[in-house]
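S.K.: Given next are the chains, with one letter for each unit.
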Amino acid sequence: EAQVTQNPRYLITVTGKKLTVTCSQNMNHEYMSWYRQDPGLGLRQIYYSMNVEVTDKGDVPEGYKVSRKEKRNFPLILESPSPNQTSLYFCASKGWETQYFGPGTRLLVL
Amino acid sequence: KNQVEQSPQSLIILEGKNCTLQCNYTVSPFSNLRWYKQDTGRGPVSLTIMTFSENTKSNGRYTATLDADTKQSSLHITASQLSDSASYICVGGGAGNNRKLIWGLGTSLAVNP
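Protein chains in written order, with the numbering used here: chain A, 2 to 111; chain B, 1200 to 1312.
Just so you know, these hints were derived from the structure itself, not from any lab. We treat Cβ as the ideally placed atom computed from N, Cα and C, and that holds for glycine. The reader is advised that the hints may include incorrect statements.
[As the list claims (entries may be wrong)] With a cut-off of at most 16 Å between alpha-carbon atoms, the simulated EDC-like pairs for lysine to aspartate or glutamate come out as follows:
id: 1; chain 1: B; residue 1: 1200; chain 2: A; residue 2: 98
id: 2; chain 1: B; residue 1: 1270; chain 2: B; residue 2: 1253
id: 3; chain 1: A; residue 1: 18; chain 2: A; residue 2: 80
id: 4; chain 1: B; residue 1: 1299; chain 2: A; residue 2: 54
id: 5; chain 1: A; residue 1: 72; chain 2: A; residue 2: 39
id: 6; chain 1: B; residue 1: 1256; chain 2: A; residue 2: 98
id: 7; chain 1: B; residue 1: 1216; chain 2: B; residue 2: 1268
id: 8; chain 1: B; residue 1: 1299; chain 2: A; residue 2: 98
id: 9; chain 1: A; residue 1: 19; chain 2: A; residue 2: 80
id: 10; chain 1: B; residue 1: 1299; chain 2: A; residue 2: 80
id: 11; chain 1: A; residue 1: 72; chain 2: A; residue 2: 60
id: 12; chain 1: B; residue 1: 1256; chain 2: B; residue 2: 1266
[Claimed, not checked] Across the chosen pairs, the derived CB separations fall in these ranges:
id: 13; chain 1: A; residue 1: 63; chain 2: B; residue 2: 1204; range: 24 to 30 Å
id: 14; chain 1: A; residue 1: 19; chain 2: B; residue 2: 1227; range: 35 to 41 Å
id: 15; chain 1: B; residue 1: 1228; chain 2: A; residue 2: 97; range: 38 to 44 Å
id: 16; chain 1: A; residue 1: 12; chain 2: B; residue 2: 1268; range: 42 to 48 Å
id: 17; chain 1: A; residue 1: 12; chain 2: B; residue 2: 1281; range: 29 to 35 Å
Working from the sequences, and respecting the hints, build out all of it.
M.R.: Below you can see the structure in the form of structure tokens.
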């Protein structure tokens, strides 16, 4: 089954404690991206990757890092999380036309 | 400024009824228009994708229309079901040096029995 998986699905952490949200896709897509979704603001792109070792900033990259060492994986790293990064995060991969989203990771930073 | 505006913000209909959601976009240069369905707390799921040269596209009970001249799109849902309760998001895709997706805020649809 074609899918995008994310882990963890729920995470509560404290300010400044580094965390990583993993993302994996099994569709051999070259393009992957990370979004955050906040009430009243819609989905906003954090980072995207056109292919292995190629990443670029989206609309709201501050406070986030990504890496793309393999085609299937695209982890999101928060080096020093802050409360304003409390949000619902989605990983996505895109084939020719269609973008497939993961189930989401709900993050609370205290 | 690239932007996508949707109306209404929310809508309540009875099961079995039809409804139409509206989307106005300002995306330049423009490439495509997408509609997604997002259930609460889950990732968006693609419903339709239309290029600038297409006027309509259907996916089951969902039919999207596109008027590139007026920069408007609509999503029509026929014979609504309880499972149609979700947020419906319109997304404009740019072209050339502006190959970004511009996301609308969505229309929240509630289908009541």
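S.K.: Output the indices of the hints that this structure fails to meet, ascending.
M.R.: When the structure is compared with the hints, numbers 1, 4, 5, 7, 10, 11 and 15 turn out to be violated.
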